[in-house]
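Converting from the sequence shown to this note's numbering requires adding 35 to each position, the first position being numbered 1.
These are computed hints drawn from the structure, not numbers from a lab. For clarity, every value in this text was computed on a predicted model and none was experimentally measured.
Each computed BS3-like pair below joins lysine-lysine, with the alpha-carbon atoms no more than 27 Å apart:
#: 1; residue 1: 61; residue 2: 178
#: 2; residue 1: 770; residue 2: 755
#: 3; residue 1: 178; residue 2: 151
#: 4; residue 1: 178; residue 2: 226
#: 5; residue 1: 151; residue 2: 61
Label pairs and their calculated CB-CB ranges:
#: 6; residue 1: 535; residue 2: 435; range: 48 to 54 Å
#: 7; residue 1: 931; residue 2: 762; range: 32 to 38 Å
#: 8; residue 1: 1095; residue 2: 724; range: 54 to 60 Å
#: 9; residue 1: 967; residue 2: 565; range: 26 to 32 Å
#: 10; residue 1: 311; residue 2: 461; range: 57 to 63 Å
#: 11; residue 1: 154; residue 2: 535; range: 45 to 51 Å
#: 12; residue 1: 413; residue 2: 722; range: 27 to 33 Å
#: 13; residue 1: 623; residue 2: 345; range: 29 to 35 Å
#: 14; residue 1: 762; residue 2: 929; range: 29 to 35 Å
#: 15; residue 1: 858; residue 2: 311; range: 54 to 60 Å
#: 16; residue 1: 461; residue 2: 435; range: 39 to 45 Å
#: 17; residue 1: 266; residue 2: 689; range: 47 to 53 Å
#: 18; residue 1: 934; residue 2: 1095; range: 19 to 25 Å
Note that beta-carbon positions come from the ideal geometry of N, C-alpha and C, so glycine has one too.
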Amino acid sequence: MGLAVADLNGDGNDDIVTLELLADIKNQRAVTYMGPITSSTQGQITALGDSTQNAYRELELGDWGEPSQTSISGSCDDVDMWLVRAEGVDYLTGTSTAPGHSDNVTVIEFDCNSNKFPETVTWTSGGVTGSGVGYTGSAHNHKLGAEFGGFDIGDMDEDGIIDVVAMNDANTENVSYATITQSTHTFSQTKTVYFGPYIAWEVTVAELNGDGEPDFVHAAKFRQSNSTSSTGETTSTYYLNLPTSVQVTLSNGGGGHMSPLEYFGAMRPTTVTVGQVIGGPNSAPDLIVGHGAYDQFTYDDNFGWDGSYDRIVVIEMDNKDLAVSSIDISPTDAYVGALGEGTREVEVTVTNTGMDILNGQATLDVEIKEVDEAASSNVTVYAMDWDNPEDRSGCGTGCTWSTEAYYGVAHWHEEVAANSTVGHTSGNNAASEAANANNPTDFMWSGLMKTNSSGDTWSGYEPNWDEGLVLNNVDLTGADRAWMSLEIFRHLGLSDLYSQDQNGFVLAEVWDDAAMIEVFSEDVGWVLLNCPNTAYFAGQCASGTSYWGGYDNGRVESEANTGLDAAIYRYGGAIPGTQYGWGNFTEEGLGAFELSRFAGETIDIRFRFKSGWEGSLGANESLWSGRDGFAIDNVTIWKQNTVFTSNVQTQQSNINMNNLAPNEDYTSAISADFTNGTTYRISAVLNYGQDEQPANDEIVGYVTAFNLYDPGVVGIEDFKPGSLYAEGNFPVNVKVEHLGNTNVTFDLEATVFSAIPTDVYCGSPLVVCDEGFEGGSSGFRYTDDGNANGGILDDSSCPERVFGSNAYWFGHPCDTPNSYGSVWENETLTIPDIDLTSMSGDFVALNFEYFAETWFDIQQSGQTTDVNDYAAITADWTTGGNDYSGLIYGQWNDYNEDGFCIVDEDENGFIDPVNETTIDNTEIEYIGDPTNVNGGSGNYNVFYNTDGLVQSRSIDLTHLYIFNTTSADTNDWTDECISLAGSVVDINFEFRSNDDIHNGQNDGVRGVAFDNISLQEFSFTQDAVYSTSVVDLDAEENRTITVSNHDFVSGVYMIEVESIFDNTTQGTPWFGAEEISVANNLARVIFSVESVDITLGKPDTFPACPMLF
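With the hints as constraints, model all of the structure from the sequences given.
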């Protein structure tokens, strides 16, 4: 529960005190180990009693300041135990048993004559007392007035006596503290200080800025954002995004505190200590940050790229430090922020990163210079291909190799060409997958050969390796820029563990087999390199950095489906590994690694390999996979003395500081012209006479304008899927955007199709499948689960009409006290026995109208969270005498017309059903409501919010993306694309709510309703093709374009709009350029048109009318 270290009795030896909860999960104790501590040291027990009476939460050690004790041998002073005592808790049930406060600071004195704390500490209504050998007096108590969070004590005047106590307010946003007057041992009135919009489970009290008042340091685990729920309440949401911040809240010298400083760079800070690591004895203290990890059922830090990369962070603090904190260029592309040709804004941010309030004047010089590549000179620093002698001519006495083993022994060695046919069997150990078979030269490899009991030789790596191959003292001095090219092989697995719930197995732990390239410099320590953009787009750098892991394919899948690489996206086994093969990271291939940030320094470059607890050649040979891990070849490092053209753009800004507080910013912007294929040096230099830290006074970066093109279709305006419109001549308006990074001109083509629908039949006996919930002579088509949670309701008499007729409600259209409650599970409306066995059309549309109003959170960005009450669509179907079931996620749009929704990973034009299983998410369109109330960020697969309107959907049952739940073994459940053609199908509209306090009855929301459910079969014919051009659409720009007008008469219509990027016309800037993605080139909508005797100015839906054909 807690541990603290101090010299309790002043004998020069560290003593340890622990706060413990015994195995009965009830009795508590403190145990003291007096130094010098050895393996035979016995702990001295202080019994603290039953947790159901008082729960002791945290422990610190410090001198209360009581008078010195005297004995025959003289006087002595000591250090005392500070505890936070809270209300009684039954830890077995998690319930409070003795209601009270959680802010009781309790000080128990140490007896330096007996060298003991009391044997027993007893609480009564009269106070806390010690008994037995040791201190036997009363404890000192104070209620701080905060709900318990992290706790700390401090000595501001450095006299050895504690004069500050502090406690986080329920770990969120604020810290409460009180000072202690030593002479009277009285506590001041509690003050509250804001440390930022974060959760922090610990607080550190320190004196950082020399004013004698307490400062506070918080390891902030989560950032908070206040959001508004769908019912108008203000709620707080905490982001999982990494990295998070270390918050420093400084006193202002007048009894108050300044705005908190944010120090980013830590992954998931858990604890911070203050010390002197960098600089001299008179310099500002440093912060040493300890990391933890956060995980829950659907998220785990360690699953993501950040969480998989281990690091220790030391934050160097300064008193007066004005820093150039960032250079940003906009607009750029939407994928990696790459610069393209055109006039762009370069914004420089200057920040007070010190602890003092700054005054006076500083100057900021921003300069953009164009590199003259022809006049610049390159020098080879080092080259080695392991087939010829190495070239160290440009490295002086440096560029020497060493191997390091951080656990066990090192296995890096030169693998010779003679072995290129050795170690191959089948599967992942086949020659086609192997490092040596695909590189018939010598290279360096972290691996080995092993022979199994059958006499077969396998290549791979064993469990629990952690080792580095280091190129030491690489001389980049005297250079402006530098690069490294090489070939690297990566075929990596993973070690994984699982938990299980009622729905199946869920990934619980992942340990990557990982390959890394790191650089060490004196300024920043070991860091990863940024990957070349070409390598990222080629799928050779999934993380965007020089880190490759066996779980990369799983991270890519999770990121595509949830936006978070650390998400736990699905049930079943993890994607079992990642095969990158040999990657040619050269200027002619995937791009060389940029080392320019280290130009002028001498650095080390480390090729590090780590394996999990399984490896590819572990102890159990039946589990061998034979993946070959990490290998490198053909390393070349060069540096450049850069020459510039006369094209120089400059701007000088004067920064007049008038009480510029810590963490406050100043920005300056310059508009500059960039040309494709040209490299620029962008620098920002700060001159401030009082500055104590010159290391951050300048940022220099090189950027090459490299045009990227990705024009796309956002959507077809005005027409909604499955809706009914009046006849008329209306424009086809299309919203387009450019996700590339420079101006582009492209064509838009709109094709209008029409069809006369044919009926689909369902039920027993078979009848036309059309359910309007009105009954009458035609009866009903639906069935349900037969309970009261859901049924047909008429809203025509409600104050606010929704459908104006009968509909099937999971909730209530106007009587919200009778709306849906908590824990409505799998409440089901079914359209049964849909006969698709004799289809003659192109596809079958499931059409319906629906209304959704549930409780959820809306963040400031418009993103919705806590979507826990919703309706989903599932299907049960029979084909060929076999029964199947699945959850419908979305529709599959076969953009590339290959008949699959699987990524053709080897690009051979064929899908291997065994080795190629990755879903092509660019072809998936989710069927549910938007994830953002402002639009533009995709949809969920569930229905929960229609913004107070009736919406419609049209879902093609011949192109579905589902989660197949057919198998009795949940490990076999999987995502796949299917067609229901040839099947007999039950379509289920399932509603569920969770067990939180939010539901329709408590929050006054109406729930989810469905109406006018129909199925129709279509064969479309082309009516017309229209086209127009979109001229000069720039990066980050969107525009609505009228392609043409069309005369719509009665019938069913499909409009397909495609953006056409013509890269074949010579003379255009994009001649020969590849489009980044074709997935956003196509949009489609299907709707119906009827003859109506009214006049409409533009298309509009008839939300209360059934579809008529």
